[in-house]
Each structure stands twice: as structure tokens, then as C-alpha cells.
Amino acid sequence: MKDFPFLSILTALPLVGAVVVAFIPRTKAELAKIVALGWSLAVLVLSAVMWAAFTIDGDRFQFRESYAWIPSWDARLTFAADGIALVMLVLIAILFPVVILASWHDVDQSTRSAPAYFALLLAFEFTMIGVFAAADVFLFYVFFEIMLIPMYFIIGSFGSGQKQYAAVKFFLYSLVGGLFMLASVIGLWALGGHTFDFAELVKGTAQIDQNTARWLFLGFFVAFAIKAPFFPFHTWLPDSGGAAPAGAAALLVGVMDKVGTFGILRYCLSLFPEASRWFAPAAMVLAVIGIIYAALLAVGQNDLKRLVSYTSIAHFGFIGIGIFAFTTQAGTGAVLYMVNHGLATGLLFIVVGMFVARRGSALVSDFGGAGKLTPVLAGVLLFAGLASLALPGTAPFVSEFLVLIGTFSTHKEYAVVATLGIVLAAAYVLWMIQRTTQGTLNPALTEVPAMSKDITLREKAVVAPLILLLLVLGFYPKPVTDVINPAVQATMQDVGANDPVPAVEAGGKVGG
Amino acid sequence: MESLQLPPIDYGALLPMLILFGAACLGVVAEVVIPQRARNAVQLGLALVAVVAALAAVIWQRGTRTVTIGGAVAVDGPTLFLQGSILVLGGVSLMLIGERSIEKGGAFVSQAAVTVGSQKDLQQAGGRPGATEVYPLTVFALGGMLLFVAANDLLTMFVALEVFSLPLYLLCALARRRRLLSQEAALKYFLLGSYASAFFLFGVAFVYGYAGGIQLAVVHEAVANPQRSEVLLYVGLAMVAIGLLFKAALAPFHVWTPDVYQGAPTPITAFMAACTKVAAFGALLRILYVAFEGVRWSFQPILGTIAVLTMFIGAILAVTQTDLKRLLAYSSIANAGYLLVGVLALNDEGLSGTMFYLVAYGFSVLAAFAIISLVRDADGEATHLSRWAGIGRKSPLLAGVFTFILLTFAGIPLTSGFTSKFAVFGAAVEGGQTWLVIFGVITSMLLAFPYLRVVVLMWLSEPGESAPTVSIPGFLTSAVLGIGVIVTLALGVVPAPLIDLTREASEFVR
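Read top to bottom, the protein sequences are chains U and X.
With our numbering, the residue at position 217 of the first sequence is 217, and numbering never jumps.
Every number in our numbering is 1000 more than the matching position in the second sequence, counting from 1.
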């Protein structure tokens, strides 16, 4: 089972699907949707088989495949997944069919070609799987850069509002980050022993002198901090999230932003342990500022999609302190947070998208008492909001708790300030829900015929799996933490973190 | 009086050049004897056959490593690789030059000497078949370029420089549309080019004074064991370099580029952007690596500064352009800066990386200009940016191809632009020139903006009221586009074969 080339097939599958869907004529939009959905479900099935085949006590990098590519640079098509990559791959595989189903009618009104939209979504899935499955720095960089292209066209061609501005801003921000990383990748290759293989580089970077390593680290870090996004590199996300179609926005924050935190965990920490420790205090400060600052801005937003984008920036602050706290517990919490945030914020974006599609506007002030017209949908929004603010019983609670406990054992002050973010989270989520679905009915709503239609069967099929997963993982996160834990431990060993022993014991009980 | 000894000549090694010069002379004769109706087909066929034959000769000579005709010509790995590249790119350019179906009569004027704007001039802008002298001129230029990259002494290099420059000056003046712009471009190119040649020649005299010889090996020897004042050496090197920097369009000797690129007929612009660049950098590589390697510490910082300046000027001024041909001209200036970064690595990786870059860039830039020749209105090509708004709606295939080419210019992975940038930057870090790479990365960020602006314009903007028509490409232009796109993609996805080829070819003979 292990020898089956899981990762290369998993990567190639959506690409083939994208090509197939792109060639469907634009008059046959329905066919394109069905093929795209079927294709993404096939990816989901394959990833589920892979999940079953993963050995928890096995090697750190499993399903390893390696093919020759550019021999004179020693760049290879190497794919391998550790626990962190595996959970992200499965998250991608889950979110894409959900988003495709949720986007069913998103482009019906557009003058643009529907097959093109669904082909772009599958192309985006290809780049996403590739970036998490790559175990060769060059290959990772290639996916890191080309992921911009499908998303750029999704935002620019199919978005709303200031879509051109948002698309260009998105592209330029990410490209600038990518080019910083390119400089570091070249430096890494020249100084780290002329190889791109991740495992070789972990050994090779020990030879790089400390000062140079810090510069190389910064190149990677800036690229990832923009992608994540961390304060102060975050300003592209609200624009992109606000302009992108709701489904694509869910992917943007649910999946793509994770590339940033994933990259920090895998590449910054493991390749540059000394530089990571050197930079950790600054990263923690940025993360904490991000939590508070983005939460405050979220409170003041009137645009629902921008609001959710800001909450997402705040959540990434939590992931940031979890990573740079350098304890296994906080690290596990951070990775679990990456998964749960993908589910919870993805759901929130999708539900907001359903409201926006009905109302034809994303402004909070255009709603008010919508729950009277669409009680079930309002209930789903409430659930998504509560999950997003990490209510106990939902999955994000476990991860947020692990992060805070893990951080507290080594960096009390940051944990305490970050806790303020939880209070603010309650404020922005609840206030948003109150202003849109509760209270007196906004008379303008009754004039929009679509608002009187409560959740449809298709929409139920969209939200049900996410709600189910959020609840199951909220009460029983062990299957996921078991997969994550060894990989996080290995990463923390790379970075030379010493876990305070008692805290780990306590954390095990809480988390498990 | 001692009898004059003729040096031994390796005709096999010279064969590619001999074929081209022979074919060019034949072309001049054909101009007289072939009736006008058949001339275009015959001349195009002759030129293409000559290029293919010369390419076959280059491939046949692939193992040759020799210095011949009394040290005037060196045939070695870089020579053959660069000659092969020039021939392949030149052959593709010839197809663009030969295209007659997009515009009636082709892109060239039938009689260049007719007064601009006169009644006669307007008539010939209509449908008169264009001049067929362009083919022998192009073949002469190609022959000169082959000699330029093979020249092993400075005088041969000067002769080659003139042989390929003079036809180019003429070709620039032959645009059918916008005659004044075209003639002005040619004059500007000619005047500045003559100055550059004069500098080059003056520099050769200084170097001769220093080394007592003009052969690169002699200069190398003299640099290693200095006998005379080094002032002569440095003044000579600087002046020789000015001549080459002009041809390669490096700042501050780049000022001719935007005007000439804009004014010249588009196929000639493509030809210059692809082939002249290869020739100029080929000669620069040989001079720096073979003759002056011993004073690398002296010229590396100066040329490094020039590289940085070039990258910045190209990138910043590209942002402000509103004409596509000028935008691509500034982009080619910036690319010349990146190429110089590869040259300044001064190691084998630098040599192979630069050669890879030249080939990759040549193919993409040919495709880019081929696309520009397709979007037209009543006055010829519509190169103003605003005219391209919303073109993705009307002709998605053309916009898609152009987007792909712009992505390669921006250096996005899986395109040849990324691979080649990676190659030269990697070599420069290897060669201890990290500062150049840092500036290269910064300017790449700046340069992404103008390309992205064009992409936005094509796909995301609404079409203007008087949108130009997109011509259906003829067979030749389609072939150029197809070749350009396939090579650009192939060198991005599977670059290994060409990289290996450049590595095998990366050793000069002395």
C-alpha cells in the first residue's frame, strides 16, 4: 500500500480535471459543474485512502516518491507527507467538493464562462495539493508561485466590487513575497550543499554561518508572513476576501493562507533553527499585535466578507504564537488550529456567501432580522460564528486551548495578551450575528424575493459535512492530533525546543 | 623579402559562416535575375535553406574545438552553442519577416527612398509588395553575428560588428507604416551605433598598445604578465566594453533601444531582440572570460554597477510606458541587466546560465512580437496599451498566449523565464556576487507590475469603443507563435536537456 504513488497521483488528478473541465463548451455549464464536483470527490476518496494508509508510528515523511527533473541543479520531483502535510491535504480534499457545490450558482449571472470558473478551481486545487505534497524546496517554490495564477483569475474575472484592484494587489503582494523567498532559495542551494532535497538540506544548513542563515530565514519568513498573513503584511487579504466569490474566499483563507504557516513550520523552523529562535520574540509580538489589531478592525467592518477576512487574520495570530512558542503542545495546537480554522472559517464564508447571494449585497447594514425569513440559515450562521470564536464543544476550541496552554508554559505574557483576543472574537462574531439575523426585520429584506427562501437541499449538503466535522473534532480530536503530534515533535526537535515536561503531561490530557 | 605565409584554414569550422555569406551574395544576385512576382518566395526559401544548412554545419562541427585562420576565429563549445542559437532564432525570425498574409504586401515598404508623406508614399503603403532585399540583408546580419561570437581577435570582432550592424541599420528604416518613425529610428540607431563602433575600434588600439597584439590569447597573456602601463589596458577595456554594451543595450548605453524597437518593422524588432542580444552577449562573454579574466577584480564592480543600473532603468521605465513595443523594449533592457548578472558570475555556471537565458529569452520575445504584429487597425499595428483593453473577451486564445509570454517575462515558475533567471542568479551567488542577485530580485518585483498591468488590461478591463481587429495569423506567424510558446513552456517544465547542453558547451578555447 505504501508503495502506491499516492502523492503524485493526488497532485496530478485535479490538474487533469482542470484541463478536462476547461474544454467543456461554455453552453454546457451544468456538465462542467458535475464533472468538477465528481473530480474533486475522486480526489477526496484518494486522500481518504491515503489517510488510512498513513502509519502513525512510522517514518516522519511517508508516501515518499522522487523522480529526476533537473539533474544539473539536483532539483527533483520529490513528494512526501509528514503528519502536518497529511492533515492539510485531507483538509483540501474535503473543502474543495464542498466549495464547488457551494459555488454552484455563483457564476450563473456572470457573463464569464462557467466551465472556466470550475476549471480554475480545480487548477487551484492542483497547486494547493502540490505545495503541501512537495518535499523538494525547488518544487515547493514552483507551486508556491504558480498558485497565484488561478486565484488571480478567479478574483479578477469572477469577483465582485473592486475586483481588479483586489486581484492585482493579491498578485503583487504574493509575488513580492515569493521573490524574497526566491533569493533565499538560491542562497540555500548555493550554501547548503547544492541540493534542494528537504531532508538533505536539514543537514546542510548547519554549515551556513549564523549571519547568512538569518538573512535566508528572513527571505522565507517574509514570503510566508505575507501569505499567512501576519501583521503588518495582511492588508491584501480583506481586499481579496471581500472581492472574491464566497466559495473562493473560503479557499483563500481556509486553505491557501495555511501555506504560510505550513511553510514557517516546515521550512523556517527546520532549516534555520538558530535563526528561528533568534526571530521568535519578534514573530510573537507581530502575532499578538495581529490578534488584537485585526479583531478590533473586524468589529468595525460593515462588509460581511471583509469582516470574516479580518477574523481570519486574528486567528492567524493565534497560529503564529502557537508556532513560535516552541513547545510541542502549542505546535500541535497551531497545526490543529490550521485544520479547524479551515473548517470553521470556510463554513463561515460559505454561509455568508449564501446570505450575500440572496440579498445581493454584503453590507451588514443591508440585513437585520434576516433570521425571521431564513431561520435555518441563520442558525447555521450562528453555529459557524460560534465555532469561529472557539466555543467549547466545537473543534476550534480544542486548538485554541492547546495553543494558549502551550504558550503559557513558556511565554506567559503573550498568552495573557492573546487571551484578550478571545474576548474580542466574541464581540465581533456575536455583534455581526446580532446585526444581520436578529432584532427587528429590515423592511428592505422583504422586498428581495430571494431572501424568503430558506436553506435549500444543495446548501444543506454543503454545510452538513462541515458542521459534522466541527462537532466530531470538537469532542474527539484524537485521530487528528495523533497524526500531527509526531511531525510537530520532530519539527520542535529540529528547532531545539525543550518542552517543559509537566505542561506536556497536562496538555496531553486536555487535548486528548 | 620573406615570402608571405598564408595561415592554415579549417574550412569545416568556418562552414556555417561561409554558407550564410554565400547565400547572402546569391540573394543579391537573385534580386536582379528573378522576376518580381516570384522573388519573395525564392528569397525566403533561399534564406531559410541557408540557415538550415548553416545549422546543419554547426551540428556537424559540434565536437570541434579549434582556433583557425591565424587565430582570428575560435570555434569551441560557446561558439557553436551561440551560433546554433543565433541560427535557430534567426530562422524563426525569418518566418516573421516572410509573413505576407497579415498585411497586404508584408511589413516592409517597397521603396524606402520615397519621400515620407508624399503621394507616392501613400500609394506604396497600400498594397505594393514589400522589398525583398530584406532577406539577403538579414542573412548578412546573421553571418556577421556568427562571426561576432566566434571572433578570437579584436579586429575580427570589429569587422563582424560592422557586418551585422550595417544591415540592421538599413532594415530598421523599412517599415511600411509610420515611415517617419521608422526612418528616424534607423538614423538614430546608425549614428549611435557608429559612435559605439568608433569607441570599440579606439579601444582595440589601446589594447594593442598594451598587449602588443589583438588576439584574445595574447591579451590574456599580457594581462597575466603586465609589461606596460595598465592605463592603456583599462582605457582600452573600457572603450571596447562601451562598444559591446551599446549592442547589448545596457545602461547608460541603452537610450537607442525604445525608439529603435518602436520604429523598426516589428519582425525586425523581434530579430534584434532575439538574435542581436545573443551575438552581443556572446562577444561580451568571450572578451571578459578569455581576454580580461585576469583583471576581473577591476571590472566586476564597474560592470556590476552597470548591471544594477540597467535593471533599475529597464524596470522603472517599463512601468511608465503606454506603448507595447516600448514596454517590451524596456523589458529587454532589464533582461539585458539580468544577463549581465549571469556574465559577471565569471564561472562555468555563469557561462552556461547566460547561454540558457539567451535562448529562452529569444524564443519568448519572438513570440511576443509575433503577437503584437497581429493586433491591428487601419493604420497598421495598434500598439498603444489602451487599444488592448478587453482583448481577452474577443480573442481569448491570443490573450491567453500573450498572458503566458508575459508570465514568462515576469519569471513565474514553469516558464522558461523563471528557469533562466534561476540559472543566472544561482551562478551569481555561486560566484560571490550576491549583491547583484539582491538587486535582481528587487527589480523583478518592480518589473512584474507592467506585465501584470497588460494582463489586467486584456482580461479584466472592458473593451474600448474602437477596438482593433485581431488578424488571423498566417501560417508563418502561427508557426512562430507555436514554436515560441512550446519552447517557453518546455524550457520551464523540462529544462534539463538544454541546461546539460549549455554545460557541455561551457568551455572556451584560448
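I should point out that these hints are in silico values taken from the structure, not numbers from a laboratory.
No residue lacks a Cβ here, since even glycine has one placed at the ideal position from N, Cα and C.
One or more of the hints may lead you astray.
Chain X regions said to be covered by chain U (calculated; three or more residues, Cβ under 8 Å) [what the hints assert, rightly or not]:
(1) 1221-1230
(2) 1356-1365
For each label pair, taking beta carbons as the anchor points, the in silico distance ranges come out as [what the hints assert, rightly or not]:
(3) X:1010 / U:64: 36 to 42 Å
(4) X:1010 / U:210: 54 to 60 Å
(5) X:1010 / U:8: 46 to 52 Å
Quick list of in silico lysine-lysine cross-link-like pairs, DSBU-like style, CA-CA up to 30 Å [claimed, not checked]:
(6) U:478 / U:28
(7) U:412 / U:460
(8) X:1188 / X:1120
(9) X:1104 / X:1188
(10) X:1394 / U:169
(11) X:1188 / U:28
*Does the structure break any of the earlier hints, and which numbers would those be?*
1, 2, 3, 6, 7, 11
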